[in-house]
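Participant: Protein chains in written order, with my numbering: chain Z, 137 to 294; chain A, 32 to 787.
The set of hints was computed from the structure by calculation and includes no laboratory data. Be a bit skeptical, because a hint or two may be false.
[What the hints assert, rightly or not] Label pairs and their calculated CB-CB ranges:
no. : chain 1 : residue 1 : chain 2 : residue 2 : range
1   : A       : Pro-169   : Z       : His-160   : 47 to 55 Å
2   : Z       : Glu-206   : A       : Pro-767   : 34 to 42 Å
3   : A       : Thr-151   : Z       : Glu-255   : 30 to 38 Å
4   : A       : Val-604   : Z       : Asp-156   : 28 to 36 Å
5   : A       : Gly-451   : Z       : Arg-259   : 27 to 35 Å
6   : Z       : Gly-194   : A       : Met-293   : 46 to 54 Å
Note that this is a predicted model, so its numbers are computed, not measured. Don't be surprised by glycine CBs; every beta carbon is placed ideally from N, CA and C.
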Amino acid sequence: MNRQTMTISLDVNGQRHVLDTAAHHSLLDVLRNDLDLIGTKECCAEGECGACTVWMDGKAVNSCLVLAVEADGGEITTIEGLAGEGELSPLQSAFIEEGAVQCGFCIPGMVMAAAYLLEHNERPTEAEIREALSGNLCRCAGYKRIVRAVQRAAGSGP
Amino acid sequence: MSIPNVGPPAGRVGGFDRVTGRQRYIADLRLEDALHVKLVTLPCARARIVGIDTSEAARVPGVRAVFTAADLPDPMPRYGVHYDDRPVLAVGETKFHGEPVAAVAADTLDAAREAAGLVTVDYEELPPVLDVRGALDPAAPLVVDPDLRPGDPLADTNIRREFRYAWGDVDAATADLVIENTYTFPMVTHFAIEPHGFAVSSDESGVIVWSSIQHPYILQRVMARVLGLPWSKVRVIAPDPGGAFGGKGYPKFEPLLAFMSMASGRPCRLVLTLEETFQAVRRNSAEVRIRTGFDSDGRLRFQDIGADFLMGAYVDISERVISKSSHLAAGPYRVPNARILARALHSHTPPSTAMRGFGTPQFTWALEQQMDEAARRLGLDRLEIRLRNLARKGEEIVPNDTPADGDWFESVQKAVDAIGWSGPLPEGRARGLAVGIKSSATAGAAYSIVRFLYDGSVLVLVGTSDMGQGARTILTQIVSDELGVPPDAVTIVMGDTAAAPFDYSTSASRSTVFMGSSVMRGCADLKDQVRSIAARLRGLPPDDIGVDRGMVTFPDGEEKGIVEVVQEGLGPVGGELIAVASMRGEADPSHPIGGRPWFYEFNCTAVELEVDRLTGEVLIHKHVTVGDVGKAINPLQVESQDEGAAIMGLGHTLMEHLVLDEHGRIANLGALDYRIPTTKDLPLDLESVIVENEDGPGPYGAKGVGEGGLLCVAAAVASAVSEATGVVIRDLPLTPERIWRAMSRAGVTPSGASRR
Numbered sequence: 137m138n139r140q141t142m143t144i145s146l147d148v149n150g151q152r153h154v155l156d157t158a159a160h161h162s163l164l165d166v167l168r169n170d171l172d173l174i175g176t177k178e179c180c181a182e183g184e185c186g187a188c189t190v191w192m193d194g195k196a197v198n199s200c201l202v203l204a205v206e207a208d209g210g211e212i213t214t215i216e217g218l219a220g221e222g223e224l225s226p227l228q229s230a231f232i233e234e235g236a237v238q239c240g241f242c243i244p245g246m247v248m249a250a251a252y253l254l255e256h257n258e259r260p261t262e263a264e265i266r267e268a269l270s271g272n273l274c275r276c277a278g279y280k281r282i283v284r285a286v287q288r289a290a291g292s293g294p
Numbered sequence: 032m033s034i035p036n037v038g039p040p041a042g043r044v045g046g047f048d049r050v051t052g053r054q055r056y057i058a059d060l061r062l063e064d065a066l067h068v069k070l071v072t073l074p075c076a077r078a079r080i081v082g083i084d085t086s087e088a089a090r091v092p093g094v095r096a097v098f099t100a101a102d103l104p105d106p107m108p109r110y111g112v113h114y115d116d117r118p119v120l121a122v123g124e125t126k127f128h129g130e131p132v133a134a135v136a137a138d139t140l141d142a143a144r145e146a147a148g149l150v151t152v153d154y155e156e157l158p159p160v161l162d163v164r165g166a167l168d169p170a171a172p173l174v175v176d177p178d179l180r181p182g183d184p185l186a187d188t189n190i191r192r193e194f195r196y197a198w199g200d201v202d203a204a205t206a207d208l209v210i211e212n213t214y215t216f217p218m219v220t221h222f223a224i225e226p227h228g229f230a231v232s233s234d235e236s237g238v239i240v241w242s243s244i245q246h247p248y249i250l251q252r253v254m255a256r257v258l259g260l261p262w263s264k265v266r267v268i269a270p271d272p273g274g275a276f277g278g279k280g281y282p283k284f285e286p287l288l289a290f291m292s293m294a295s296g297r298p299c300r301l302v303l304t305l306e307e308t309f310q311a312v313r314r315n316s317a318e319v320r321i322r323t324g325f326d327s328d329g330r331l332r333f334q335d336i337g338a339d340f341l342m343g344a345y346v347d348i349s350e351r352v353i354s355k356s357s358h359l360a361a362g363p364y365r366v367p368n369a370r371i372l373a374r375a376l377h378s379h380t381p382p383s384t385a386m387r388g389f390g391t392p393q394f395t396w397a398l399e400q401q402m403d404e405a406a407r408r409l410g411l412d413r414l415e416i417r418l419r420n421l422a423r424k425g426e427e428i429v430p431n432d433t434p435a436d437g438d439w440f441e442s443v444q445k446a447v448d449a450i451g452w453s454g455p456l457p458e459g460r461a462r463g464l465a466v467g468i469k470s471s472a473t474a475g476a477a478y479s480i481v482r483f484l485y486d487g488s489v490l491v492l493v494g495t496s497d498m499g500q501g502a503r504t505i506l507t508q509i510v511s512d513e514l515g516v517p518p519d520a521v522t523i524v525m526g527d528t529a530a531a532p533f534d535y536s537t538s539a540s541r542s543t544v545f546m547g548s549s550v551m552r553g554c555a556d557l558k559d560q561v562r563s564i565a566a567r568l569r570g571l572p573p574d575d576i577g578v579d580r581g582m583v584t585f586p587d588g589e590e591k592g593i594v595e596v597v598q599e600g601l602g603p604v605g606g607e608l609i610a611v612a613s614m615r616g617e618a619d620p621s622h623p624i625g626g627r628p629w630f631y632e633f634n635c636t637a638v639e640l641e642v643d644r645l646t647g648e649v650l651i652h653k654h655v656t657v658g659d660v661g662k663a664i665n666p667l668q669v670e671s672q673d674e675g676a677a678i679m680g681l682g683h684t685l686m687e688h689l690v691l692d693e694h695g696r697i698a699n700l701g702a703l704d705y706r707i708p709t710t711k712d713l714p715l716d717l718e719s720v721i722v723e724n725e726d727g728p729g730p731y732g733a734k735g736v737g738e739g740g741l742l743c744v745a746a747a748v749a750s751a752v753s754e755a756t757g758v759v760i761r762d763l764p765l766t767p768e769r770i771w772r773a774m775s776r777a778g779v780t781p782s783g784a785s786r787r
């Protein structure tokens, strides 16, 4: 096995980190294991479930598919950085108010994907919301409530 | 009855932590000094293990232990819920693809993975048993060594158990129409988004087991047994599971980690990959042969049902899945004559376990399609034939068992209204409707400790798990309402056998009924204690004092808050009021399934859909799910659970199916190739309707919910697909390919354009 390590620099939620990482470690590995940002979840580890969604340089990515070394110099936002400590963004509040949260394991990734959508489309249609979240699996299948939460946060609710 | 705090939406307890990423699931726990474990498996289901060379693996820096069967006690310790049948590591022969033959523990996960890849196993692949026919072939290899089944008359077969139920006389029954068909229900997997995780630490004082388990007390019992420890020396800490659906009910790799921890002197942790989780749990696949007799009016004369369930290599809880679901195989109908034979079969496939619906969806799939076929052959409306047979409230459906406990006609009517059953259909659309019923828990015990603290806040200790169904929220609502305490001042402590008292399990949609009742009783006890204190302080008989919703009322009309009275009564040294309560459902050994169900989950599902004649793809325009819940203590949670169950049902209806290759490996192993519903598979309109008649055994007349919405989805969709295309499909899932092939065979021509 390649045990080569590299030094990378990441800006995570506005804080700069310089750390050594194994060449094969993913951004998800670094966030969870090196930076202890456990809000980002791991499920399929192959880019299908969306549980590990974070923003990198302003784009929503599956952090399991990004090598940590690829993220070098990048600006990362995780679920922990979406709102101030002890605060909720309007989108997070909407998730609670609409009953979109069940077991909650998919929710950090779901919120990050939905927040990304709202960054780029302030008033998405229901079809656009379904499209934007189709890469985020929820087995409790709170999809209907999740879509409503995004609509509520966007002020475009039913 | 006025129930101020019960009914309107209450904020989900734990919601804040879940939307901010603060919720700690099993994989988020950090254990000082823990070793990371990686399993070693073979690329086939069944193989004779000739030899295992661990020397190269052991040389990887950071590796602390490489375990094989030789490192475990001889004979190999075995464990399970029904039987001690599952070895801690494979010994002699592997029984399914994914069964570990060795395990590595290392300082880092990287080292463990590298070393696991360096364990060399010399093995000889053997022909596996992979399906019902293979299991029943007289020449089939025996999955379970007969020596492990002493005194079992079926030990020289792959049949573990046969369950027979009968009433009336099927052979003597006459019928105007007899329909006989075979239906199949595929292997599907739970696919909780949180993969399973486990950790164990051990020392001379006992073991601590961390697990994403639904039933911490069952894990405690099994661990104590396999390790030879008193229960008090096994502490189970169970963080809220990130979805479970039955799949996280029973022990998996906790015993292995315990032996590795005892040997290494370090805590050991193992978080499965999603692929390993697929290999660890699945739903029982089933083949249901059913012969149904009707009179010319469409009234049921008999049901003759034979079902083969493919359990897999080890029994887990599947024997109960099969015995319990088959007892109710004739469904929610009046059936004068019935004969049911259900067989639990072993195979070289991953062990199956409980999964939402607990065997019932397999039967419902067959039963409801029979009703449709009878309706077509007798020229009856598909709704009408169901109404003619559905049991009325109070009528027996299985002799000497719990009678129909709800107004099921009301549920059906609500579905009919919501889907517009008789209304005009847009071009190319069709509707389908089906009903389903599942037995709830038959026995169990739920203990709770309710502590009224000096400042008026309340601590509730329960062994129930909150796995997404919202048990914390329901219990908080109940306490808040009963004691007049704001919800924010109630804390529910769960998931630690050293803190919370015994709860039988978090299964069978029981928690609101069982634990909810237990906590209600605890609150009633506390109110009695307050009454006694108030009586003592005033020198009055307790009966003269009222305690309700946080207020103490004296005969002279004076009112005081409970807290004031408690503080006055306890005096300056302080203290607290403690109530220990329980809700027990005793087992009845004379009952065929060990006791009468406490309630039924009844559901009626109706859909309106279209089938793309060119591709066979199904587009669901509207999906209505109606559940008879007795009382919705939290309507939002009831609806969310029913909607979730409905969508999970659409999974096995339209797309989900574990495919095995000839080596017994899951060919579609992982999220890339095993599809579950996404936002884009959501019906265009999904409506959940609640029937509330306060006729359940739980608090405020509640029944359990959460499984009903899944039971009859496949039959309702298939009913509409048949209506739309004229073809009948008796195997799930109804993939576009399967529908297209059926249409092609039947000569159904593409008429009209494809959708969109």
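Participant: What hint numbers does the structure not satisfy?
Facilitator: 3, 4
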